[in-house]
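Colleague: Assemble the whole structure, with the sequences as input and the hints as a guide.
Taken in order, these protein sequences are the chains called A and B.
Counting from 1, position 19 in the first sequence corresponds to residue 19 in my numbering; the numbering is continuous, with no gaps.
Counting from 1, position 135 in the second sequence corresponds to residue 135 in my numbering; the numbering is continuous, with no gaps.
Don't read these hints as lab results, they were simulated from the structure.
One or more of the hints may lead you astray.
To be verified - For lysine-lysine, the following BS3-like pairs were computed, each having C-alpha atoms within a straight-line distance of at most 25 Å:
no., chain 1, residue 1, chain 2, residue 2
1, A, K81, B, K110
2, B, K110, B, K81
3, A, K81, B, K81
4, A, K110, B, K110
5, A, K110, A, K81
6, A, K110, B, K81
There are 2 protein chains.
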Amino acid sequence: MDPHESEIFAANSAFYDAINQRDSESMDGLWASDAPVACIHPGWSALEGREQVMESWRAILSNPEAPHIRCSEASTHIYEKSAFVVCIESIDLNDLVATNMFIRENGAWKIVHHHAGPIASRRAPRPSRGPSRPPRGDLN
Amino acid sequence: MDPHESEIFAANSAFYDAINQRDSESMDGLWASDAPVACIHPGWSALEGREQVMESWRAILSNPEAPHIRCSEASTHIYEKSAFVVCIESIDLNDLVATNMFIRENGAWKIVHHHAGPIASRRAPRPSRGPSRPPRGDLN
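Modeller: Encoded structure:
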């Protein structure tokens with residue numbers, strides 16, 4: 001495996017470890033410190049800027065009922081100094097799909113964006129943008 | 001405005017124009033041709049690779065009932081030769097939130113990843129990862 005790919009997979013795993021261990025300090029260190037960051041938690045608008053993003057993670061990780069997330073099917077796409085991972089996030093019996101974007105900052109791969117949202121099916125995907133079936137209708 | 005920011009906004013607008021005009025050829029030209037691409041349509045698993053992604057767009061854009069998508073609140077985050085835009089996609093009365101990632105390829109900004117999913121509220125975002133309220137439950 002390409003060393004950058006290994007590092008990105010490791011950074012992606014560390015992100016889910018930080019969630020599962022409710023480790024806000026580790027989470028903070030995984031995100032880019034200088035480059036602009038954003039985060040889209042499931043179902044919510046985008047958070048923009050490090051302060052707002054980290055505040056959201058501190059709130060999530062301080063919740064004693066925060067769920068365990070199992071990350072699977074991670075695949076990496078690398079473009080010189082940036083990359084993104086798509087993966088499945090399993091929470092109890094629910095699956096989400098996530099995009100995690102990374103950049104190379106000070107010699108390490110750091111998260112600049114996380115976007116997670118519901119997934120209706122693990123079957124082969126199909127186009128679903130229809131006017132009579134808005135996307136959220138697919139979830140029922 | 002930074003010239004790269006203008007170009008990225010223009011590429012992002014062209015993406016929604018291609019959807020609204022059901023223009024598969026234009027859509028094809030907006031995506032990177034050499035770099036790896038992926039796409040997460042609302043509610044579905046990730047599509048990986050140019051062939052699979054373009055096949056999905058051809059299917060969507062050939063649907064005469066394909067909805068009009070209004071893009072708003074676009075904000076750009078630039079990292080040298082890569083960038084991402086987060087924006088709201090409004091379809092009828094439904095809002096989605098989208099991440100569109102771009103890279104610089106052959107002197108132009110090209111899409112490498114699109115991820116759109118439901119949004120429960122346009123109010124100020126809040127953390128919502130709770131075990132008793134799985135994210136898709138937030139949509140009800």
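Colleague: Work down the list of hints and note, for each, if the structure agrees.
Modeller: Comparing the hints with the structure gives:
The hinted pair formed by K81/A and K110/B meets the criterion: a straight-line CA distance of about 16 Å does not exceed 25 Å. For the hint linking K110/B to K81/B, the alpha-carbon distance of about 10 Å falls within 25 Å, and the restraint holds. Taken as a hint, the K81/A and K81/B pair is honoured in the structure, with Cα atoms around 8 Å apart against an allowance of 25 Å. A distance of roughly 22 Å separates the Cα atoms of K110/A and K110/B; the hinted pair therefore holds under the 25 Å criterion.
Between K110/A and K81/A the CA atoms are separated by roughly 10 Å; this keeps the pair inside 25 Å, and the hint holds. Taking the CA atoms of K110/A and K81/B, the gap is about 16 Å. The hint holds against a cut of 25 Å.
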